[in-house]
Structures are given as C-alpha cells and as structure tokens.
Amino acid sequence: MSRRVQLLGGLVVAGTASLALFLGGVAGAAGAGSLTLSAHSPAHGVGTELTAVVDSAAGAPVANAVVTFSVHVEEFAGAPLLTVGTASTDAAGVAHVTYQPTWAGPTHFAASAALGATTVAEGSLTAAVTQTDPFAGPVNATRTDGLIGRWAVAVLLALVVVMWVVLLALVVRVQQGPARPQES
Amino acid sequence: MTDVIATPAPAEHRVDHELRRAVLRPVLETPKWWWPSILVLGAIVLLGIVAWIYQLAHGLGSAGYNDDAFWGIYESNLVAFIGVSYGGAVVSAILRLTHQSWRAPLTRIAEATALVTLPIGMLFIIPHLGNPGKIWELIWPPYWNLSSPILWDFFAVSTYLMATIVFFYLPLVPDAQVVLTQLDDAAPSTRVRVRQSLYRALVGRFGGTPTERRRLNGSIGLLAIMIIPMAVSVHSVLSFAFASSSRPGYMETIFPVYFVVAALYSGVALVVLSVAAVRKLYHLESYISSRHFVRLGFLMIAFGAAYLYLTFTEYLIDGYSNTAGPAAWVYQIVAGRYWVPFWFYFVAGGLVPILIMAIKPLRTMTGVTVASVLVVLSLWVKRLVIVIPPATEPLVRAATKSSGAVSGLWGTFHFTWVPISITVAATAAIPLLLLIVFRFVPALSVTEMEEVAAESSHQGGRP
Chain A
1 MSRRVQLLGG LVVAGTASLA LFLGGVAGAA GAGSLTLSAH SPAHGVGTEL TAVVDSAAGA
61 PVANAVVTFS VHVEEFAGAP LLTVGTASTD AAGVAHVTYQ PTWAGPTHFA ASAALGATTV
121 AEGSLTAAVT QTDPFAGPVN ATRTDGLIGR WAVAVLLALV VVMWVVLLAL VVRVQQGPAR
181 PQES
Chain B
1 MTDVIATPAP AEHRVDHELR RAVLRPVLET PKWWWPSILV LGAIVLLGIV AWIYQLAHGL
61 GSAGYNDDAF WGIYESNLVA FIGVSYGGAV VSAILRLTHQ SWRAPLTRIA EATALVTLPI
121 GMLFIIPHLG NPGKIWELIW PPYWNLSSPI LWDFFAVSTY LMATIVFFYL PLVPDAQVVL
181 TQLDDAAPST RVRVRQSLYR ALVGRFGGTP TERRRLNGSI GLLAIMIIPM AVSVHSVLSF
241 AFASSSRPGY METIFPVYFV VAALYSGVAL VVLSVAAVRK LYHLESYISS RHFVRLGFLM
301 IAFGAAYLYL TFTEYLIDGY SNTAGPAAWV YQIVAGRYWV PFWFYFVAGG LVPILIMAIK
361 PLRTMTGVTV ASVLVVLSLW VKRLVIVIPP ATEPLVRAAT KSSGAVSGLW GTFHFTWVPI
421 SITVAATAAI PLLLLIVFRF VPALSVTEME EVAAESSHQG GRP
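Read top to bottom, the protein sequences are chains A and B. In this text, residue positions in the first sequence follow my numbering: the first is 1, and each later residue adds one. In this text, residue positions in the second sequence follow my numbering: the first is 1, and each later residue adds one.
Straight-line alpha carbon distances no greater than 25 Å define the calculated SDA-like cross-link-like pairs of lysine to any residue that follow:
{"#": "1", "chain 1": "B", "residue 1": "Lys280", "chain 2": "B", "residue 2": "Ser290"}
{"#": "2", "chain 1": "B", "residue 1": "Lys134", "chain 2": "A", "residue 2": "Val73"}
{"#": "3", "chain 1": "B", "residue 1": "Lys134", "chain 2": "A", "residue 2": "Leu115"}
{"#": "4", "chain 1": "B", "residue 1": "Lys134", "chain 2": "A", "residue 2": "Thr68"}
Keep in mind the hints are simulated off the structure, nothing from the lab.
If we strip away everything but chain A, and leave its shape as in the complex, we get:
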C-alpha cells in the first residue's frame, strides 16, 4: 500500500510514502495498525523533522508506542538502515525526531512502531532532500556509493588472512627441528 504524503518546508520538497501494515497487538485496537511517515523542516534550527503518526486498525491514535526512525545508507559494504532516533508517540499517536541529512538527493527513510516487543506498524518514505547540514559538504558532491567500501572489505580481509598465515608459518618454522642439509 502506498500513498502520497504531505511534505512541508523547504528542506524536503517531494516524497512518496509506502505503508506496510502488520497484524499485531495494538493496545485497545484489534487488527492492523498503520504508520504514516512524513518529513519537513523543523520549527527551529536545521535538519529534517521526521514525523510518524501511528493509528490502530480502527483509526484511533496509538499512544506510548516506541517509534524507531531510520535512514538508508550505503557508505560501506552492505546497505543497512541506520537508526537516527527513537521517540514515543503522544496521545495523538504522533512521534518525531530531527535528523540532519548529510547528502542531498533522493533519501529513503523508514520508521517502525512497537508496543513492547511487538511491532505494530512500519512505514517508509522516499524524499528528495534539497538542503543538507551546511558543514557536511557541497550540495552537488558525488558520493562513493559503496565503491570504496567493496574494495576495502576484500583487501582488508585478504590482509587479515595473510597475517594469520605468516604467524602460523613462523611457529612451524621454529618448531620444525634440526636444519635441513642445505641450511647448515
């Protein structure tokens, strides 16, 4: 399921949100819950304020759910979701955190709401970030997109293996006993 969401402010100019519904134990509500994720400029300071609205299947706000906000990153190997903050929903089912993007361009955000150990709803949002933390770098910078990371992982793992082999070879060399004829 997906829907358009209202994006406010100049920092994030456009985005689409997709909602994934989960059957879960939403307190006071039976059936699926929903999480609507939106992004906008904060009232004070810089950054992107991520807001999640958590509703029960009946459409009632879910209070006291812990919402974990994440951003998709691909700076090194893999493509993990980096947690940028958690917040609890208020009586209106709203939770928000402020995040400072370091890169402009399409950015994938995600949020997950949980009551205790049970995830009640998840949502995601792809938004076009137009302004970033001014100290993070130029707006039109080209990112590595994991290029360096992939090579670094291979080279570093190879180095680790080589060092272990050399260390074991040194022990064997000393323990091997009397010298061979050509050595003496």
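Mind docking chain B on chain A? Use the hints.
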C-alpha cells in the same frame, strides 16, 4: 627442587649459574606468597564475575547505562586495557629491533604484560553489549555487518592477539628447553611429568643448534617488524568505532594516531609497574636496575609529551572551529561538567610525570614507578573523558521535555557498584594472570640474557 636448579649445565654451554638459579627458582619451586596472592586476586576476580551475573539479571541499567549515556565505563576499559597491551608488545619490539642490550631483562615481562592484558581488554565487549548472545551476531555471517567498525575491531584485535601469543612464544622456546633440561634431572613425579609434557610441546623439535638459533632469531626479528604496524592498526581500528560516527567529540580524524600514542604511553607505564613488581617479588634486583627504570621512564614521557600535544591539538581545533557541536563539547570538558577528570589527567598524567623525569633527584626507580602509577590511572580517566562526554551530549536522542522537544540537558553515566566491581576485577586479573604465567615461564629470558652478555663481553662493554 633446589638441587635440580643447582645442577651444572653441560660443559659446552657457558652459562651464568646465578642467573639461572635466580630466574628458574620461581618456576621450579612454588614461592610461599604465591598461593595466598592467587587466592586474594582470584576472589577479587570472582567478585567481578558475580557483578556481571547481576548485570545479566538486571540489565545494562544496573551498570549505569541509560538512554542519555549509551556508552560508558566498559568501552573506556576496552580501550584502556587493549592500549596497555599494545604498549608492552611495541616496547619489546622496538628494543629488539634496535638491538638495545639493556632490553634483555625486560622483554619477557613486557611481552607477558601484553599477552595477559589483551584478552582482558577484549572481554569488556561482553558486558558492554549487555546480552552476551550478541557476540555471535556481531562476528558470524550472515549476522555480521561489514559496515560496522566493531566487526573490524574483532578482526584486528583477534589477529593482534594471535601475533602477541606468537611474539611471547618464540623467545620462550629456548628457555623452555632450559627448563626441560632441569626437569629431566628431577625426581619423577606426576607434577614433573605434566610439566615435562608442557615444555616438550613448547619446544617441539627445536634443538638449539646455531642454525636453529639463527632461524629463531630471524623469526623473532620478522615478527618484531610485523607487530609494530599491526599494533598501530589495531588501535587505529579501535578508534574507528568512535571516529566514524557523526557525533561531536567522537568524529575526530586525529583519533587513530591519538589512540595509538595513548596506548604507547600507558603501555610503557604498565610495563614499568610489571617490571617493578616482578623485580621485587622474584628478587631480581641484580638483573633489573635503576638504569632500566630511568630509560623506560624517558621512553614513557616522550610518548606522554606527544599525547599532551595531540590533546592540545584536538581541543584547539574543535574549540577554534566554533561550530555548535564540537565547541560545546570542548567547553564541557575543559570548563564544564567534565573539568575535574580532564584536569586530573592533564596534571597527574601529563605534567607530573614529565616533571619527575626532568628533575634529576626525582629520576629514580621510585620516581619512575610513581610516575607510571599516575600515568596508568590518569590515562584510564582520560579514556572516560573520551568516551562519556560525547555519549551524553543532548543530540537527537537526548532527554526530551514533555512536549517532545530536546531538553538540552546533558545525560549522566552512573558509576554503580556493578561496572566498578568488574573494572577492579579486570585490574586484579592482570597480576593474577602474570603470576600464573611466571609460575610456568621464567620471568626473565635466560637465554637472551646469556646471549646479550656473551655479545657484550666480546665487544668489551657492559650489557
């Protein structure tokens, strides 16, 4: 057993019988103080284990962690203990590579210190994670995360541990052969047979011929070269866990070299303390003199001066940038809520040791030992200053007001009895493990001392 020690060595080997007698006695006979020391230190370690079990039952909150202080004493201990290990190995490697003749009585103690402190430091990751089951997910595919500096810490530290074991083991081979020779003449008993099996395993097929000696020394030399960049990389990678974050106070490009120099500084200090303790306990006053302490002291304050300068550089640049995050963090450390531990480090761990080494009457064995105590203690405090302030900064995840807005209040890490007990236990584990190691291994490298003495007598100098 005393008779065994007094057994003359084969005539073809010129040996210093007094040296062998003094060094091998604690290996072949149990000193009177050994068991009481083991019991006391073991009890302290047990207290730490009890505290850890309590933490397992009650959660990380019992160790002072909370939402506004997500890293604390365990991370500091991890850095501090691995750091001192690094110092021991590198000091030994540098002295070996530069063929310092005065190194001979010190290398075994330095290498043993490195050997025992490294695993203790590594263990701190377990209480730090809270749930020990996470260790498996941290290091094993497909759960591992190659993007995580913690995983690379594991690769680096485990490789360095392997190198430290080999670096301790190789110079031990000829000494194990000496001990084995002594045991061969001892009255047979189960204890003697067990020990003989141990030393035979250590010696392997090494026979001590000149060619094998050359091969051994070549391997030690190669390893000494390897272990320096390896140790540098280990502590650099350890700093990545901080430096690769976006948190002011952690995101510092100076951190890799900063961590390495701190490790060397505190590592040399711990070697001094280990040497002082071993010298006193094993009555090695004839072989370890004031000269050794003063030279180690000079080495220590050279690293100390470099560390002071790097501290100045880091704070100057962050403060001068006047950006909200770094400047606020520097203020809190220098003049805010963390000023006491910071200035304690600066005075006790920076200025006083330098003054002790600069003023000649203070430049004694006692003076260097006192300076080393101050360095080890204050560098541990400095690690707390590195770890805790940025972890308590009021950033996105900081304490919020009822409205949901960030409160602006700094978080607080609480020093409860749990992490303090575990820290004290880990500290006690250092002498405990050293006592156990030196119960089986000569505290001084007998063959190396004999070799250095022989070389020195050829050259007409003193060792």
